[in-house]
Amino acid sequence: MSSKDVKIKNFGKKTDQLYKIDLSDLPKLPYPYEDWEDTPIPEIPDIKRNGKNITLDGILNVAVPEPQTEEEKEAMVAKFLEGLGKLLSKENNWTFLKPFLLSLDNCVKCNTCSDACPVFEMSGGAEIYRPLFRSDVLRRIIKKHFSPGGKLMAKFTGADIDLNWDTIARLAQLAYRCNLCRRCAQTCPMGVDNGLIAREIRKLFSQELNIAPAELHGEGTVKQLDTGSSTGISPVALMDLMDFVEEDITDRTGLNIKIPFDKAGADILLIHNAGEFLSWPENIEAFAIIFELAGLNWTLSSEMVGYDSVNYGLFYDDAQLAKVTLKHAEVAKKLGVKKVVVGECGHAHKAIMAIGDRIWLGESNIPRESSMVTLEDLIMNEKIMVDPSRNEFPVTLHDPCNLTRSMGVIEPQRRVIKKICPQFREMTPHGVNNYCCGGGSGFAIMQSNNFPNWRYLVPGRKKFDQILKAFTRDELSPETKKYVCAPCSNCKGQIRDLLTYYDAWDKAGIMYGGLVELIVNAMVDVREGFHEWDFH
Amino acid sequence: MYWAQILTYVSLFIAFVAMIAKALRYFRAPESFRWELYPVPHEKGRAEYGGSYLEELDWWSKPRHSDWFKEISEMMQEIFLLKGVYHNNRKVWTFSLPFHLGCYFTIGWLLLLTLGGILEVAGVPIASDGNTISILIYYATFVCGYVGLVLAGVGALGLFMWRASDRAQRRYNSPADYINLAAFVAVVTVALIVHLSVDPVFDTLRGYVGSLVTFGAATPPGTLMTVEIVMISLLIMYVPLTRMSHFVAKYYLYHSVRWNDEPNMRGSKLEKRLVELLNEKVAWSGDHIKTGKKWVDVVQESGNEQ
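Protein chains in written order, with my numbering: chain S, 1 to 536; chain C, 537 to 842.
Since the hints were made in silico from the structure, they are not lab data. Not one of these hints is a red herring.
Below, simulated BS3-like cross-link-like pairs (lysine-lysine); rule was C-alpha separation at most 30 Å, straight line:
| no. | chain 1 | residue 1 | chain 2 | residue 2 |
| --- | --- | --- | --- | --- |
| 1 | S | LYS109 | C | LYS558 |
| 2 | S | LYS52 | S | LYS223 |
| 3 | C | LYS619 | C | LYS580 |
| 4 | S | LYS223 | C | LYS826 |
| 5 | S | LYS223 | C | LYS829 |
| 6 | S | LYS79 | C | LYS830 |
| 7 | S | LYS155 | S | LYS86 |
| 8 | C | LYS808 | C | LYS829 |
| 9 | C | LYS805 | S | LYS334 |
| 10 | S | LYS48 | S | LYS20 |
| 11 | S | LYS7 | S | LYS20 |
| 12 | S | LYS90 | C | LYS829 |
| 13 | S | LYS155 | S | LYS79 |
| 14 | S | LYS52 | C | LYS826 |
| 15 | C | LYS808 | S | LYS333 |
| 16 | S | LYS7 | S | LYS86 |
| 17 | S | LYS151 | C | LYS786 |
| 18 | S | LYS9 | C | LYS558 |
| 19 | S | LYS383 | S | LYS418 |
| 20 | S | LYS144 | C | LYS786 |
| 21 | C | LYS830 | S | LYS90 |
| 22 | S | LYS109 | S | LYS151 |
To list a few chain C residues with every Cβ distance to chain S over 10 Å, as calculated:
| no. | residue |
| --- | --- |
| 23 | LEU543 |
| 24 | SER602 |
| 25 | LEU655 |
| 26 | TYR675 |
Remember, predicted model here, so these are calculated numbers, not experimental data. Here a beta-carbon is modelled for each residue, glycine too, at the ideal position from N, C-alpha and C.
Chain C with its partners taken away, still in its complex shape (with noise of 0.2 Å):
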């Protein structure tokens, strides 16, 4: 097996484990107390300004309405357009709304690939002059390639731009972030010019995504490219080590606690968990606090306070 396909394979490993880690940190979080920020997305009809069902006469006795289409709809524009971005740091915009589109074009690229691969694994090759799926491949496999690529370059060299010229900026990036956003431009200035140069319409790297879905054994496709493959590898391992990869965060972020407004209902399955979080021990050694005891009672310890 080529070496580099060994790194690769590494590298996507260790990105998978690190993923999975992140997601597990907030996914094994307890129930936390009640902490969501208005406008909530899915409040029917009260979004618009801000409002919730608290709203509501004798809430509690009427049923919810949940505007989940709204919600997704938000949802998209977040991750789209960069919507709050968009409203509260409009210089900042600038360069992440292309930056992150880069990045979606170019996942879509890699998996574009992979699927070639695939398909030309199976005997399909994928060519300007294939049949409908793989002319549909190989087209969107080269818009998305040199789209993401370039637009996730002008992007990352924006925010690096911007992140070394603003006086806050400078003070509260550490070197670390400013390498985060040079290896992204480093690693894309590599593949365009490995691909301008001798791959134009991918059909290499697709050779070499293809070995790496079957396991298969592959040619060293070449200096340049093998340069590119080096870096692509390690920038997928090294991404989500970093905050880069807040995406994942900010789904349990704006699920988990600015948009859940869920109200604890008696007998509902939410009262349980929190019954189960009662009876924690606590170790705070604050004096109102008994260490040791659990938190229920703790908190039903009454008067007479130090």
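Only chain S is shown next, with the shape it has when bound in the complex (with noise of 0.2 Å):
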């Protein structure tokens, strides 16, 4: 079996696969890719696979070991409805326990979510990804073995599903189908997240099985705790780094900058994604040149954890999204900052200021803001110059889920970018109800297997769709050189790889970057030219 249209009854059947993406039921894109060919997705070799379960859509992100006997299989049973169990009991689980319990209850099965979901449309209508599939998976177990008389009243209340090795194996994949975007909880009439409830699910993997992609937990959280960042760059290489990136400032601008560290009483800490500093220095340099210029007293951190705002925890663990961020909070408090600036990165806003906000406690509690705020205080205040007429291109801008949705940060990078780019064009649509990158909840960061093959076909299809239709078809030729702004490190690594998945900079001239680029690319104190075409 393998169908486009499984049924939840069906979703613990013994089969080895049970969806597998058809590319001829994927929505065409606009010009000037009526006629893409996309490639099939390629299938995981035996010795790849390697005892790994993958029998939900033969995708491979998130690693569930095969049990090898029956009685491990059902152990594993056992103790996932262990872990249920607390996830839905307060000592364990308080930091979700109201709004889970609120959108497990109260799905009245409209599926309006359905509509709102891009994995679901770009999938051309994948029943498995249907929002309302997965969190009714969930419900059905819950109802038939949490309830009273569960498994006897289970066909009249809907709750027909067998609970088996496989039915919890196809779960923890299926967790990892889901950008955690939460446009389907937005248009929710009543309110259901089933976001949250795909990252509940993730956290009783993590939390009781030990399930969980490498990229977020071993070479994420855990590693980042280890090591100081996600990277792997250790408060010692940064400083190198640092060098490098003093030295390019000076020959892009020939600026003689030298970045702060480590200032106690400064007035902000600045805390970027460690990705920067790997990927995109220029975003780095940027920052510092318009801090430097507008005579800001900041400083960036050299302490372990304080120099990579990165916190993958947001996306599948609450214990690890706690440990990382207060170490931020540490940091902060004992420099003695006024205030923490969280740089580019969408997700690193969400949990150092929404979450830190219910857990940065007593004189941890830094205040903390979006570089978006303190950016179009220095643009619309004046206290940068800038000439527009430098950056005279096509742009349109990327809005991350997390400082939109979830945070309402929409119209400070929206009234610097309109300050400073005269041809910006909004996508449709934008702000508050943007589309997803399909990067989101640390896709973006996952790079092996066959994995990013279904981040670019499927939930990255939908945002590569809109941003062909925010130029227009004579925009469209590859000399008309344009540019994608995405403030957000992890949608900006997802953005690069779908444009360069579907070979849009040759074919179609399409650039992307940050916010802060544009800004010193205008800036007319800086030398003309600090952003460069050339697609990396």
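Starting from the two chains in their separate frames, assemble the complex, guided by the hints.
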């Protein structure tokens, strides 16, 4: 059985693969991609599969080890139920119990969420990717195993699901087919949040069964807490990188800027996503140029974790989420800064500002602000002067979900970009109603096996469709250079990968980057040409 | 006491207990991490585009301006016009709006019958030729009753047909979901037949409700009306046991989660509640969590993770 129309009651059935993506089901892309032929998703060879269960859709991002014996399988099922019990308890899950219970209990099955979900839409309507499908698998298990008379009434109440190892293994995989963008929740008339339910499933697997994608856990939060950054950059390596950054600033602009580190009592502690240090140092440089030329009293930190705003715990695990954000709080408190400013990283905004709001307590409760707001103040109040004609090319803006839908930071970045980019145009829809880049919830950093192919073809396809539609047919020629501004490191990574997969730089002249690069490119006190049309 | 009266009392009691239990389930759930979702309607001057006070420079040092009128207005539009459904799922709205409006009118009808019953017991007859209050209640009951029953019936039938004919709906709806709607259709149909044939201005039913209020004996009102009373009583008992009573949860979904953007300030009551929660003991058995320790100890461990 491998069908687009999988039914929940068959979710636990023995089969090699429940669903296989058929490229002909995927919606067509607009001009100039009408004749674009997608590359089929490669199958995972047995050697790479290496005992992992990929029976959901043949895609491998979360490694679910296949138990060897029936007894082991039963033990895993029992452990899953134990974890589910904890997920429903105040002691173990006070962090999300209220929204979780509310979302579990009150779905009226109207399926309004399905129309809002880019994964479901761009898969061509594959049933397993319907937001309700995933949530209902969990609901049925809970109804059957945690409600009085649940098993007896299963058929009547719609709790007819077999709870076996395959059900659990597939549910773990299915939790990682959602971007947690919460667009479904936004349109739900009840306010039910399927994104939250997906995250709670991820949490159960991580916190009880030690199952989580390596990029998020072992290579993510664990590495960050051990070495200082999920990129593996140690405090010593960071200082070496900074030498390069300072030299590069001089080469690009002629300015001699010394990036401040560990300045006690500074007004601002700026925290970047450390991915910028490696992939987009121009973003670090641009922030330094803007803050220095504006005369701000600011600093970066070289303390463990203090130089990396990343917090992948947000995507899968409350304990790891809290551990990392408390490290950020500790660093800010130790430096005695007046406020923490979060650089261009959407999920870091949410972890540090919104989640941190409930866990940076007492003296650790240092005020936190979005860099979008700090930058708006500098530009709109003319603390730095800009010449918009330097950005005389078509620009569109991607809205990171965590910054917009989850935090309501919508206009500051728009006011800035409208001031510095004469050819700015919005995507449709945008702002609080945006579509995820397709790399949300950690997907952008998952680069192994065949998962990236799925990421480009399904969730990323909607964003690529939006990007193309933001420009006119004439503008879509490769000769007209265009810029997709993504003020978020993870989104930027995803958009880079999308543009590469769809060959959009060569085929349509579409480039990407952050907001600060555009600002520096327009600054009258900086030599012209900071932004280079060099796709990387 | 007439046996149907006992049934009605039992139904009301069960419904009351079920509703309280439902509200307490959410009321007692602890403070959670922030998980709001924009637009948040009380964000003054920003709700229109989905903005928040986090757009303000040094937001923590400035007074927050909440637009409670806008929030109430949003709630009213949600409750009485089903604004969210209108914008995001017009097909459902076509049936859901009459159904919900029908339920509101029907609730109003039952309340007016109760009020009328009390007044009649107190010696104020409810009639078209009585005093002003009496006339007002007489006609309001008449209008609410028929409008409510017809709208609820049409809406429930439409929703039933939609759930039965739509492929996705058939997949995700259980027999109980269809029975819930069918029960509404059946009760409304019986009520309309009864009143159009034997009690067109609800005098008899008002008398019955009055007897409930005074715990007095009621004269059995005939077979047809007894059937209606039994069906309404059973429905009153049944609805709070199903997710059709989602209005309780919706309050919490919106106010405690979706629109809850209250920042935690130093020394606040919220902070005290959070400190207490950090002392909860954790039983998760993941390798990176030290089972049995307090939450605060678990998350303050650093380095050498497994």
